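Student: For chain A, the structure is supplied; the task is to place chain B on it using the hints.
Each chain, letter by letter, is given below.
Number of protein chains: 2
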Amino acid sequence: MKVSIVITGTEFTYGIKEEKNSRYIARKCLEKGLDVNGIGIVGDNLYNIQYYLKMALDKSDIVILSGGLGATTDDKSREAISEAIGVPLIYHKEWLEKLKKYYREQEREITDELKSMAKIPYGAVIIENPVGRAVGFIKVLDDVNKVIIALPGVPSEMKPMLDIAFSKLGLKEDKRKILIIRTFGLTETEVDKTLKDSYINDYTLNSSPKGVDIFITDNMEENLKLKEKLLKKTLGKYIYALDDTEMEEVVGRLLKENNLKISTAESSTGGLIASRIINVPGSSEYMEGGIIAYSNEIKEKILNVKRETLEKFGAVSEETAMEMVLGVQKLFSTDIAISDTGIAGPTGETQTKPLGLHYIGFYNRGNLKIHKVIYKNERNNTRLFISQYALNLVRLALL
Amino acid sequence: MKVSIVITGTEFTYGIKEEKNSRYIARKCLEKGLDVNGIGIVGDNLYNIQYYLKMALDKSDIVILSGGLGATTDDKSREAISEAIGVPLIYHKEWLEKLKKYYREQEREITDELKSMAKIPYGAVIIENPVGRAVGFIKVLDDVNKVIIALPGVPSEMKPMLDIAFSKLGLKEDKRKILIIRTFGLTETEVDKTLKDSYINDYTLNSSPKGVDIFITDNMEENLKLKEKLLKKTLGKYIYALDDTEMEEVVGRLLKENNLKISTAESSTGGLIASRIINVPGSSEYMEGGIIAYSNEIKEKILNVKRETLEKFGAVSEETAMEMVLGVQKLFSTDIAISDTGIAGPTGETQTKPLGLHYIGFYNRGNLKIHKVIYKNERNNTRLFISQYALNLVRLALL
Chain A
1 MKVSIVITGT
11 EFTYGIKEEK
21 NSRYIARKCL
31 EKGLDVNGIG
41 IVGDNLYNIQ
51 YYLKMALDKS
61 DIVILSGGLG
71 ATTDDKSREA
81 ISEAIGVPLI
91 YHKEWLEKLK
101 KYYREQEREI
111 TDELKSMAKI
121 PYGAVIIENP
131 VGRAVGFIKV
141 LDDVNKVIIA
151 LPGVPSEMKP
161 MLDIAFSKLG
171 LKEDKRKILI
181 IRTFGLTETE
191 VDKTLKDSYI
201 NDYTLNSSPK
211 GVDIFITDNM
221 EENLKLKEKL
231 LKKTLGKYIY
241 ALDDTEMEEV
251 VGRLLKENNL
261 KISTAESSTG
271 GLIASRIINV
281 PGSSEYMEGG
291 IIAYSNEIKE
301 KILNVKRETL
311 EKFGAVSEET
321 AMEMVLGVQK
331 LFSTDIAISD
341 TGIAGPTGET
351 QTKPLGLHYI
361 GFYNRGNLKI
371 HKVIYKNERN
381 NTRLFISQYA
391 LNLVRLALL
Chain B
1001 MKVSIVITGT
1011 EFTYGIKEEK
1021 NSRYIARKCL
1031 EKGLDVNGIG
1041 IVGDNLYNIQ
1051 YYLKMALDKS
1061 DIVILSGGLG
1071 ATTDDKSREA
1081 ISEAIGVPLI
1091 YHKEWLEKLK
1101 KYYREQEREI
1111 TDELKSMAKI
1121 PYGAVIIENP
1131 VGRAVGFIKV
1141 LDDVNKVIIA
1151 LPGVPSEMKP
1161 MLDIAFSKLG
1171 LKEDKRKILI
1181 IRTFGLTETE
1191 VDKTLKDSYI
1201 NDYTLNSSPK
1211 GVDIFITDNM
1221 EENLKLKEKL
1231 LKKTLGKYIY
1241 ALDDTEMEEV
1251 VGRLLKENNL
1261 KISTAESSTG
1271 GLIASRIINV
1281 PGSSEYMEGG
1291 IIAYSNEIKE
1301 KILNVKRETL
1311 EKFGAVSEET
1321 AMEMVLGVQK
1331 LFSTDIAISD
1341 TGIAGPTGET
1351 QTKPLGLHYI
1361 GFYNRGNLKI
1371 HKVIYKNERN
1381 NTRLFISQYA
1391 LNLVRLALL
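Each protein sequence line maps, in turn, to chains A and B.
Residues in the first sequence are numbered consecutively from 1, following the numbering used here.
Residues in the second sequence are numbered consecutively from 1001, following the numbering used here.
Distance condition first, Cα-Cα at most 35 Å in a straight line; then the derived DSBU-like pairs of lysine-lysine: (1) K17/A - K1028/B; (2) K1054/B - K177/A; (3) K1233/B - K1196/B; (4) K17/A - K1168/B; (5) K2/A - K193/A; (6) K1261/B - K1229/B; (7) K1101/B - K1017/B; (8) K1177/B - K1233/B; (9) K115/A - K1177/B; (10) K17/A - K1261/B; (11) K1020/B - K32/A; (12) K2/A - K146/A; (13) K59/A - K146/A; (14) K1115/B - K237/A; (15) K1017/B - K261/A; (16) K146/A - K1020/B; (17) K1032/B - K20/A; (18) K1017/B - K177/A; (19) K59/A - K1032/B; (20) K261/A - K1261/B; (21) K232/A - K1115/B; (22) K261/A - K229/A.
In case anyone wonders, no lab produced these hints; they're calculated from the structure.
Please read all numbers here as calculations on a predicted model, not as lab measurements.
Chain A on its own, in the form it takes in the complex (with noise of 0.2 Å):
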């Protein structure tokens, strides 16, 4: 089945907020084997939104709106549906007495723009809300067979109301169609050309500092296990996920199933590293902590780097990366330890330093290995890709 999601606030044809509700939506969508062929954002205007609304009628079987469910002057999201399919709005008489009930306990009088927050199109079917007291619902129109479903905004209202509304659709968890393959350490071009060499057709690539992302989709599970296998041979140890998880989770799962140890010491990457590997819940079994060295003097004084080292070689060099990496490691007497100085940029390079470079220091176990890697981009974006090339090297040796 095909769905439109219609996203609705004027905050976001601004510009000025982040929307991440369509992404939600789409996503859990996919889990149940819908096929959303397009999200539309339109701003907190009765007519855009029913433009937007009867364009997504015509393309698909079921709407997804989210948002104009509220009681201000521009929630307009009821008023809009009832126009766009011609069906008045009604109050739905248990939630209008719950509302009452509400205010008369908060002590404070129930206005005409607060008690619209139980109107529904006439002939829709309710979907409760957990949280707060927005009703949404369900609108089936008959005629030609297809579904509304109206939902808020606000993300902790919205999350368990789509659950609520595909189950009285019917619609249970779809054995997922599609595969995805998170790589690093590959161009885009080279994932697309060993696609193409392995006649996988049905995909599409998402680079980032983070690597390349490849999703297959097929109708066909056994396609999908069968191209599944296939690339996993092909790509190999160039293959971080098989979902959406992230560098620092595998990373993570490695030290923690090795019973390992990882500090880290940080100077172009400012703390980027440890942060990712702290986002993990239960980091603490397996990070003892870090090092944020971003002058010199802290180079010396904390992480025992030579002052002759930095005087000959300079902070962005292999001998600074190598004394900064054994002197965190020792510091914090860890199993692994990381260490990276570079040039992010936007300005520092020198006449033999080009912008980009940086030295990433991997002790193991012992062994000790300094990675030279030129990567230049916006200075958020190379911090990113360093702190993934790092994290990237502790997979690899605990593979």
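Tutor: Frame of chain A, contents of chain B only:
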């Protein structure tokens, strides 16, 4: 002028990737005084892209499309535009030569797919790609007096190319008709009440762990100035920025102005505070570095937190936060130092220490204060809130 934005990418309709370009483009439109009436996000499907494009053209004067201009099989935007407007694609000769030269230098064969990155609709003007190989274009539809701007989806390419497109169209920076006020320390309800009490109506609030952002629109610039003045008085120190500026940038500017150095000792936030400080270009002028002291052992060994303190009061205590901040200040010899220790969750609470309990140590040139904060949210939201809280302490002290 009315604008519609069309974003292509099956990764977005699958809900597997965060879509960020539309927000950026919408924001840029706002700054140019352009009115975005809708954003369409559509998978890499020729028919669907065409459908959204036609709808966008129907509704708007300018359609900005981003994505699908590359050389892989899922890049379908050129073709979709060509078919939607009934104008054939041709090679842009100079760009094609550029591509040929590039691949010759790379010693790679130039395939038809790679060549297609030089294709534009007949009569279109190219937008040079300063970073990548895919060319963008502006196509004016004379008969209906509408414009299509086509840009790649890679943010680092899209962003400068959007600027080029706007300047080619002669769109100048508009006097901003929007007032942005970023606050920290008040709840959304408190901010809402303040605005209502000031008889301000046309606003949108955006609440996050970083605080409450206020967006006020008004067609009259004078009115906006008046409202700004009023709110600056009412909200006072709660305001940390009057534009998009992040807290770490404000803090960075204040540290630089006062010629002060900072260091951090993080437990709960695990490097997030340092990472945010170092996000700001030029931060090496004031950021000395930090310690991520996730384990008790490291708190003792590196930060000199006394074993008795940890045993008697626990790692999450006022006393530990104090010894941590004193330890890191001494280690890095900085004017200002921050420490934090807490329970970010989802586990770790005890009978006396609830989930979300944090102690933040703040040292400022001889003065020391420990702040007790309880904030319960998703693990990473809590860590973001604590980092914002800590940075805000620095801001308040240096105002």
